[in-house]
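Undergrad: Sequence:
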Amino acid sequence: MLSLDFDLGWDQPTGMDVVLYMISANRYPREIYLHSSSIVGRKQMYELLYQNKPENVKLASGPVPYEMLLHIAKTRQE
1 MLSLDFDLGW DQPTGMDVVL YMISANRYPR EIYLHSSSIV GRKQMYELLY QNKPENVKLA
61 SGPVPYEMLL HIAKTRQE
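Going left to right, the sequence shown walks through residues 1 to 78 as this note's numbering numbers them.
Any given hint could turn out to be false.
Claimed, not checked - Derived EDC-like pairs: lysine to aspartate or glutamate, alpha-carbon spacing no greater than 20 Å straight-line:
hint, residue 1, residue 2
1, K58, E47
2, K53, D5
3, K58, E31
As the list claims (entries may be wrong) - Using C-beta positions, here's what the derived DEER-type ranges look like:
hint, residue 1, residue 2, range
4, K43, P65, 25 to 33 Å
5, Q77, S24, 18 to 26 Å
6, S61, D17, 16 to 24 Å
7, L59, D7, 18 to 26 Å
8, Q51, Q77, 37 to 45 Å
9, G62, G9, 30 to 38 Å
10, D11, T75, 33 to 41 Å
11, L70, P13, 28 to 36 Å
Hints were generated in silico from the structure; no laboratory data involved.
C-beta atoms are modelled at their ideal positions from N, C-alpha and C, and glycine is treated no differently.
Start from the sequences and build out the full structure, keeping to the hints where you can.
TA: Okay, structure coming up:
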């Protein structure tokens, strides 16, 4: 699972750079969530990923659902 932001800091690569790498290397996680507050950046990443991802990859244009975060936290504590 990957939760991806667009803005990674001043003078830093962006989430789009990560997306472009995934596409060029044909390497994708099973699930991709786009939690960026940059509406334009999130839309651009979503569109490019949607066009290029394998069918089995789940893509969401929003953050990881709260219930899933709780499940991950619980699993990590065990």
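Undergrad: Is the distance from the Cβ of Q77 to the Cβ of S24 consistent with 18 to 26 Å?
TA: Taking Cβ atoms as reference, Q77 and S24 lie about 37 Å apart, which means the hint is violated.
Undergrad: K58 and E47: Cα distance at most 20 Å?
TA: Roughly 13 Å separates the two Cα atoms, so the pair holds.
Undergrad: Does the beta carbon distance between K43 and P65 stay inside 25 to 33 Å, or does it fall outside?
TA: Hint violated: Cβ distance 20 Å, outside 25 to 33 Å.
Undergrad: CB of S61 to CB of D17, is that within 16 to 24 Å?
TA: 19 Å, holds
Undergrad: For the pair Q51 and Q77, does the Cβ-Cβ distance stay inside 37 to 45 Å?
TA: Because 38 Å falls inside the window, the suggested range holds.
Undergrad: Has the hinted range 18 to 26 Å been met by the Cβ atoms of L59 and D7?
TA: For D7 against L59, whose Cβ atoms are near 19 Å apart, the range 18 to 26 Å holds.
Undergrad: Does 28 to 36 Å hold as the CB distance between L70 and P13, or does it fail?
TA: 31 Å, holds
Undergrad: Would you mind confirming whether the straight-line C-alpha gap from K58 to E31 stays at or under 20 Å?
TA: Holds. K58 to E31 sits at ~5 Å (cutoff 20 Å).
Undergrad: If you check the beta carbons of G62 and G9, does the distance land in 30 to 38 Å?
TA: 22 Å, violated
Undergrad: Does the structure keep K53 and D5 at a Cα separation of 20 Å or less?
TA: 18 Å, holds
Undergrad: Please check whether D11 and T75 have a Cβ separation lying inside 33 to 41 Å.
TA: 36 Å, holds
In the structure shown, a violation is registered for the earlier hints numbered 4, 5 and 9, in ascending order.
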